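FYI, the numbering for the sequence shown is 3 to 191, going by the numbering used here.
Hints were generated in silico from the structure; no laboratory data involved. Predicted, not measured: the structure shown is a model, and the values here were computed from it. Among the hints, erroneous ones may be present.
[As the list claims (entries may be wrong)] Derived PhoX-like pairs: lysine-lysine, alpha-carbon spacing no greater than 20 Å straight-line:
1) Lys48 - Lys92
2) Lys88 - Lys54
3) Lys151 - Lys119
4) Lys54 - Lys105
5) Lys110 - Lys151
6) Lys110 - Lys157
7) Lys110 - Lys48
8) Lys172 - Lys151
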Amino acid sequence: MGGAPSYESHAMETVSAAPASDGWRPLVDPGYRLGAEDVMLVSVWKDEHLTKEVVVRPDGMFSFPLVGDIQAEDRTVEEIRADIVKRLTKYIPNPNVSVAVTKVLSYKVYVVGRVNKPGEYVIGHYTDVLQALSLAGGLTPFAAENDIKVIRRAKGQQQVFVFRYGDVRKGQGLEQNILLQRGDSVMVP
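All chains should be modelled from the sequences, with the hints used to inform the complete structure.
See the structure below:
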């Protein structure tokens with residue numbers, strides 16, 4: 003019992019696309035904003051030398067042949083694609099560029115306290131508090147189930163949301179089961 007709990011990294015391997023009824027669909031929705039460690043496949047049609055898997059670096063950038071460093075953090079796939087097209091136009095007339103997110107690794111949340119597997123979790127961007135608690139192996143027997151807090155830091159401000167697991171389990175207060183955002187911490191006393 004003594005000492006601090008260990009915090010493991012629980013990264014989920016993500017595939018590039020999932021089958022849909024009409025073919026393939028993207029891993030993320032068009033409004034998804036990339037972050038550090040996300041992986042993309044950038045390809046220029048009819049130029050195999052300009053097809054690269056790139057990783058967003060900690061500084062929010064990635065490098066691509068001919069155009070150099072490109073800002074990716076907090077931008078959508080379409081914004082990145084348009085930037086590459088604009089820069090490549092100097093070298094290739096009317097470049098046909100595609101950009102697809104192949105792995106979402108920047109969307110991390112932290113679940114700490116009285117859960118069975120506290121730690122850092124890479125999640126999809128539509129994961130709620132209940133799902134994060136499930137990823138963390140559920141609550142321990144002595145967890146204060148109605149005093150769980152979600153701590154969110156955004157734009158220099160800190161917000162605290164209360165999550166009453168006991169109420170949600172009974173089908174009450176379901177609005178508490180908010181979608182988590184990149185960097186949220188779920189604290190279970």
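Could you work out which of the previously given hints the structure breaks and list their numbers from low to high?
Hint 7 contradicted; others consistent.
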